[in-house]
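Q: Here is how the chains run, residue by residue.
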Amino acid sequence: MFVSLLWEACRAMAANRLRTFLTMLGMVIGVGAVVLMLAVGEGTRVTIRKQVETLGTNIFIILAGFQNTSGVRSGSGSSHTLNEADVEALLELDGVARASPVVNNNLQLVAGGQNWNTMIIGVNELYLPLRDWEVGVGRDMDGLDVQSASRMVWLGQSTAKELYGSTDPVGQNIRLGQVPFTVAGILAPKGQSLDGRDQDDTAIVPITTSQRYLVGSYFRGQIRMIMVQAENPQLMDQLEEDIRTLLRERHHLTGAAEDDFFINNMSALMETAENMAKAMTLLLGAIASVSLCVGGIGIMNIMLVSVTERTREIGIRLSIGARQKDILTQFILEAVLVSVTGGLLGLGTGSLGAFLVSYFLKTSVFITPASLLLSFTVSAGIGLFFGFYPAYKAAGQNPIEALRFQ
Amino acid sequence: MGYVIQTEHLTKSYHTGAGDLEVLHGVDFALEEGEFTAIMGPSGSGKSTFMNILGCLDSPTSGVYRLLGEEVEKLSPDQLAERRLHYLGFVFQGYNLLPRADLLENVALPLLYAKVPAAQRKKEAQEMLERVGLGPWSHHRPAQVSGGQQQRAAIARALVGHPSLILADEPTGNLDTQTSDEIMALLSGLNDTGITLVLVTHEPDVASYAKRLTRFRDGLLVEDCPVTDRRRP
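Residue numbers (our numbering), protein chains in the order written: chain A, 1 to 406; chain B, 1 to 233.
Where hints are given, some of them may not hold.
[To be verified] Calculated lysine to any residue pairs in the SDA-like style (CA-CA distance at most 25 Å, straight line):
1) B:Lys211 - B:Gly189
2) A:Lys393 - B:Gly189
3) A:Lys50 - A:Ser150
4) B:Lys123 - A:Leu5
5) A:Lys325 - B:Gly189
6) B:Lys122 - A:Met225
7) A:Lys278 - A:Asp326
8) B:Lys115 - A:Pro129
9) A:Lys50 - A:Gln234
10) B:Lys74 - A:Asn398
11) A:Lys50 - A:Leu269
12) A:Lys325 - B:Ser59
13) A:Lys325 - B:Ala119
14) A:Lys393 - B:Arg83
15) A:Lys50 - A:Met225
16) A:Lys393 - B:Ser59
17) B:Lys115 - A:Lys50
18) B:Lys115 - A:Trp7
19) B:Lys123 - A:Asp326
20) A:Lys161 - A:Ser148
21) B:Lys122 - A:Leu344
22) A:Lys325 - B:Lys211
23) B:Lys123 - A:Lys50
Simulated from the structure, these hints should not be mistaken for laboratory data.
Note that the structure is predicted; figures quoted are calculated from it, not measured.
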């Protein structure tokens, strides 16, 4: 029975090809737009997430507040900038998985015939695991490197390529400014950071080495930035307070005295960024849904015309024994068939559109199976919803009047 | 012999702008199994309304209509559809075939609503088309065959559900004399196999095929008598 009705619905659709096609086009555009918009929105979200995650997970960045305070207060001797002892203390704190000082400075790197200016980052042995950053070639940095201030350097992918091309730099000599170093390893690629900087254009050295050989004596022992990783995301809020308490205590800040450091919760930042991307996806989806709705109205419109045109057919069917339910089923089936076929074509068109967007605009798009399922279900639902009233009208025809209809 | 149709003081009114218009003023009528009556009467005499009520397409305003002993007024729309499907067959003046379907599909249509499986539908419809002499035309569309052939297909469609009663409303109205005779011969033959027939016509020639003549005038049944010089094909 159902197969026969489906076949009849196909024939009814085929009887008026242009009209069916145009009705379907409304659904194709609607579903296509939804799929494309959700893909673009989701792509943006995934991109942001990936970029934030290159920083590592559950990360706090603690910045020294010396820019605000040192000029005035350091003279009084009551204020501290961050220092290595702070890092040691933070590592003792409950809930802290890893912590590393971060000292940056730019230097000219010279190796063989090439030279290249890049950012040298001085860190301890916990920094790379904290950032979820692996050493691609060569050995890991260990505690001994930090203790002995070894003159070892780990090059980022881009830096290695600039200086050595395709030859293996591990074990080679290199000069950082005037100081001779040995290349200990090449880091795995990390990609762009949130602000678009190439994180692979860098070189990493032990913090002690950096302090002893590379940074001017004025900054020795002082650290501008500490990265702290919490053991798990649930600890983040509590840990932020604990860090603040600890550092205030260590810096002898009491009562209403302002913090001389800033704690940035990177998870919260990521959450905000993701929420924004989600909001954008929702907005794009909502705009696209309008066209889907218009497509549905198109279906309803054409079904109403079709019911009127086929009044006589309805009368014939009723007179030979069709129940109202049979007529209702037939017309709903036709509407659903149009909308679902349109929906499927829309899935194809939307996916193709998403592919073209990612190909030509070089942005990442991401088609989730859920968005495909959603569009398909919604198009079937639209067929049902907008097909119901015309079908109901068809089923409610008076057989005699329907038979007399010319 | 049981009654196929029984009506008791059947009336029908229509609501119009100028108040209610009564088109049937109380019709008492009965038809036994195997009978063949021709309903005649001028336009507006109420014969078409009467036919529609008999066919369960319309309901009376008052009075009782029993189809095979059941009071039709007490049936739900679905039950009425079921009566049309299993007990009744319609033959119309305008054939009323679906233009997009071929003759086979047209004839098989009632079986679709009777939920007969597809293969069996085809088989039974083909058999019925052969019975009315349309075997070779089963895959033609209505527009591709003559009026007489379309009416034969319509008769095949009315027969396919094995009805007890066939209602033919001016079945020869659009046909020439020779074709009319062929159609009437076909219908008479059906009556010979035991199917009860009600025929509406205003042509005496056509009516003379029936066994009985029922005449309507101004919403009343005015004459109901056997046909004396019955025509046989």
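Q: Now tell me, hint by hint, if it's right for this structure.
A: Status of the hints after comparison with the structure:
no.	hint	verdict
1	B:Lys211 - B:Gly189	13 Å, holds
2	A:Lys393 - B:Gly189	40 Å, violated
3	A:Lys50 - A:Ser150	33 Å, violated
4	B:Lys123 - A:Leu5	19 Å, holds
5	A:Lys325 - B:Gly189	35 Å, violated
6	B:Lys122 - A:Met225	84 Å, violated
7	A:Lys278 - A:Asp326	44 Å, violated
8	B:Lys115 - A:Pro129	70 Å, violated
9	A:Lys50 - A:Gln234	20 Å, holds
10	B:Lys74 - A:Asn398	18 Å, holds
11	A:Lys50 - A:Leu269	13 Å, holds
12	A:Lys325 - B:Ser59	20 Å, holds
13	A:Lys325 - B:Ala119	23 Å, holds
14	A:Lys393 - B:Arg83	23 Å, holds
15	A:Lys50 - A:Met225	23 Å, holds
16	A:Lys393 - B:Ser59	20 Å, holds
17	B:Lys115 - A:Lys50	58 Å, violated
18	B:Lys115 - A:Trp7	15 Å, holds
19	B:Lys123 - A:Asp326	23 Å, holds
20	A:Lys161 - A:Ser148	28 Å, violated
21	B:Lys122 - A:Leu344	33 Å, violated
22	A:Lys325 - B:Lys211	39 Å, violated
23	B:Lys123 - A:Lys50	65 Å, violated
The structure shown violates the earlier hints numbered 2, 3, 5, 6, 7, 8, 17, 20, 21, 22 and 23.
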